[in-house]
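S.K.: Sequence:
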Amino acid sequence: MEHSFGEDPGSGSFDKSRVLNVKPLRSLVPVFPTAPNVSSFSTPQGAAPFVCASPSGPFPNGTSPFFPFFMSDSQRPEQNTGGGVHNFGPISNAVPINSFRTPPPGRAGRAQQHSGFANGDTGSGSSRRVTRSRGPQGQSSAQTEDGYSENQNQSSECYDIDTTETDGKGKVGRPKRKAQKRTSSGGGKDINVPSDADVDKLVEKIQTSFNDTFGQTEGDRACVEYLTMVYDLFRRRLSQVEDLKEAVPGLSRRPDLRAGTLFLNKGIRTNSKKRIGSVPGVEIGDIFFFRMELCLVGLHAPSMAGIDYMGVKHTGEEEPLAVSIVSSGGYEDYAEDPDVLIYSGQGGVNRRDKELKDQKLERGNLALEKSTHRANDVRVIRGVKDPSTVAGKIYVYDGLYRINESWTEKAKNGYSVFKYKLVRMAGQPDAFRIWKSIEQWKGGATSRVGVILPDLTSGEEKLPVSLVNDVDDEKGPAHFTYTSSLKYSNPINLTVPSSGCVCLGGCLPGNSNCPCLEKNGGSLLYTANGLVVSQSSLVHECGASCQCPPSCRNRLSQGGLKIHLEVFKTKDRGWGLRSWDPIRAGAFICEYAGEVISPSKIDKFGVDTDDDYTFDATRMSQPLGVLPGDSSEAPKISFPLVISAKYSGNVARFMNHSCSPNVFWQPISRENKNESDIHIAFFAVRHIPPMTELTYDYGTISGDDADQRKKKCLCGTSKCKGYFYQ
DNA sequence: ATTAGTCAGCTGTAT
DNA sequence: ACAGCTGACTAATGG
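For reference, each letter of the first sequence is one residue, going 9 to 734 in the working numbering.
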C-alpha cells in the first residue's frame, strides 16, 4: 500500500458545484451480442425483454440456456471459457496418480479405513523426504548457510533445515470423527448439496486442479491467491453441507478445520517448508480469517499455537529459532503501536484444570529467546478486532520484525510471564498501520489528506462513502445522481408465475417446502453469516411477496451497503473504489445501480456511444468464485441485461477492470408479485484487505466493433492480457 | 528409523 | 463450555 494516509486539518467543507466534468476513465458502450440476436431477448410478441427461467428452463429462443444446477459432471457440456485463459487448468476426471500409491507397510490396513483422506499424500510426492530433526542429535538434511549474519539479504532465504514436516500421510492413525449420519434432511428431496462421499471427490478434484496448475511451483502470488480462494470456497461449501445436518451433540461444526485438514492431507498447500523471513506469494497486508489459512500458505504452521519455530544449525549446534508469531489477544500483549509489539510467551496455564503457573523457557519461549540473540527476522501476524465476524478477529500479516529485548515479568495473576519486544523492520509497506488509521477516521477524530466529500451519497446509503483524492488536484468525477437502486423502465413479466414463501422466521436450509429455496435447487445459496457459497448462473432471492422478514438469509443483497466504501482517485486509472473494512471472500459488496437499458430502446435509438458507465451482463468472463469440480459449478455465461449508470448510479459504477479481479458479479432474481427483477450483485472473490482497490473483469465481447472497444489495460497484474473491453 | 500414544496450544463456536 | 486438529514430544518397537 503505497498511499500515505496522513492528516489534513484543513479540508472540511466542500462545494458540490465544484464536482466538475472530468473525463472518466471508462467509456463504455452498451453491447449486445450481435444485431440479429437482439431480438432473441424479446418474446415473439415483444412483451418482455427477457424471461426469467427456472434452472431447468424454459429458455427464450436463441438464448443459450443456463447450465442446470443438477447436472452431473458427465452431463455437463464443455465449459465455454470464451476463448480466454484457463485459470484453473482442465479439470479431469482421472484419478490422481498418487491415489495408487502403495501404502507403507504396516499402515495399509489402518489407512484404508479412512476412505476419505487416508491416502492423501502430497502432490509434490516423492521429493518430500521427511526426516525429523529432534534435539541435538536430530540429523538434519544439512544447511550450509548459517543464516545469522546481520545481513539483510539473509532474511528471505529459505533455511533448508529439516523440520518436522508432516507429509500428510503420517498422522492418519489418529481416530477421526465417528461415522457421520447421513443428512437426508428435508423431505428426502434431491438437494443440491454434496454428501460426505461427494466431499471426498470434490477434494480430489481440487487436488488435481491445484497440482495441474501449481504442481511445479512452490509459492508464488498466483498460487497463494488461488489456494486461499479455493480454501474458502470449499469451506463455505462445507458449511452449507453442515447447515443441512441436524445438530449432533458431540459433533461440532468446524468447516474451517475440516477444510484445512482435508487440504493438508491432500497436499493442497504451498511453502510447506519452514523458513525464516518472508514467504513467497504472501504479501504484507494480506488478511486471513482462519488459522488454517496461515498454515496452508506457509506463513505460520501450527494450527493453534502462537509461536512457530524451527531448528537451525549454527556452528554445528542446532538451536530453535522463532520464524513467526501470531498476536491474537489471548495474552496480555501490548499491540497498539504499529511498529512495536510486546509479545507474551506461551504457556503458564494448564488447559484442563486451568491451573496457573509460571511460564517455562521451553518450546516457543525458548525459540524467541534464541531469536532475540540471533536477531533473525520474525514474521508477525497481528490479530485485529473485527466486529463483523463471529470470531471477532481477523489476522493481518504485518511483515518482518526483530526481537530487541526479552524479559520476564509478573502477570496480573501473579505468575511470571516471558515478554518479547518486537520492532518492525523499516522499509516495509504499511499494513497494520492502515487499520489503525481507519480506526481513527471512523472515530471522526482526525481528518485526512485529500478528502473531497465525506459522503458522496448524500445520505442515500446507510453508510457514508467518502470521495478522496490524494494523488492530484482533480476535484471529482463527472456529475451524476447517486441512487442506490436499479430502475426498470418496463416491468418484467414472469413467464412462470410463482408465489413467494411463507417462512415467517426467515428461510432456512433444509426446508423443502420453501418455494424460494426450491428455485435455487433446494438449497440456500448463502451461508449463515452472509456469504455466497459460490458463483452460479442465477440466484433467486426472496422478494416483495415473500412473508419472510428483511433479515431473511435469502435477502443478502437487499440490505444496502454493509461495507464502508470510498471512491478514490487512482494513480493512472481514473477513479476507483476501495473499502475501509476488510472484506471476506464471498461477502456481498454492492449491487450495480442505474437504469436498465432495454434492448428495444437500443434498437430504436442506436447505441449510446458516449455512455461511460455501463454494466453489460452479456459479456463473457472467466468463472471466478467457483470450486473446481463442484457439482453445482456453473460457468459464467452471458445474461441479457444492460445497465446504464451514466446519469444515476451507485458506487459500483466506479469499479475498474482487472485481469486478475478480486470481485465477481452475480445475477440475482428478486421475486415481486408476478414480476421479477434481475439485479447484479458484486461479491468478493477472495479476502480483500482494507484500502485495496476493488476490481472486476469487464469481460470480453465479440463482433465487428470489438476492436474499437479494446482499451489498454493498466491493471498491472501478472495475468494482465494487456487490454480490456470498454 | 519408524510408529503409536499423549499433551497442550494467545481456536472458535454453540449454549 | 468443550470439541477439534496439529506439531512436539515420548516411549516402544524393528532393522
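Derived by calculation from the structure, the hints in this document are not laboratory data. Even for Gly, the Cβ is constructed at its ideal location relative to N, Cα and C. One or more hints might be untrue.
Calculated pairs, SDA-like style, for lysine to any residue (alpha carbon to alpha carbon, straight line, at most 25 Å) [unchecked claim]: (1) Lys401 <-> Ile350; (2) Lys418 <-> Glu370; (3) Lys393 <-> Pro437; (4) Lys470 <-> Pro437; (5) Lys470 <-> Ser311; (6) Lys321 <-> Lys401; (7) Lys654 <-> Glu469; (8) Lys401 <-> Lys495; (9) Lys444 <-> Leu569; (10) Lys378 <-> Tyr423; (11) Lys450 <-> Tyr342; (12) Lys483 <-> Gly582; (13) Lys495 <-> Lys654; (14) Lys429 <-> Leu374; (15) Lys393 <-> Ser311; (16) Lys418 <-> Arg371.
The following label-pair restraints were derived from C-beta to C-beta distances [what the hints assert, rightly or not]: (17) Gly467 <-> Ser710: 23 to 29 Å; (18) Lys579 <-> Gly324: 29 to 35 Å; (19) His381 <-> Gly568: 31 to 37 Å; (20) Gly467 <-> Glu370: 57 to 63 Å.
S.K.: Check the structure against each numbered hint from earlier and tell me which ones fail, lowest number first.
M.R.: Per hint list: 4, 5, 6, 8, 17, 18 and 19 violated.
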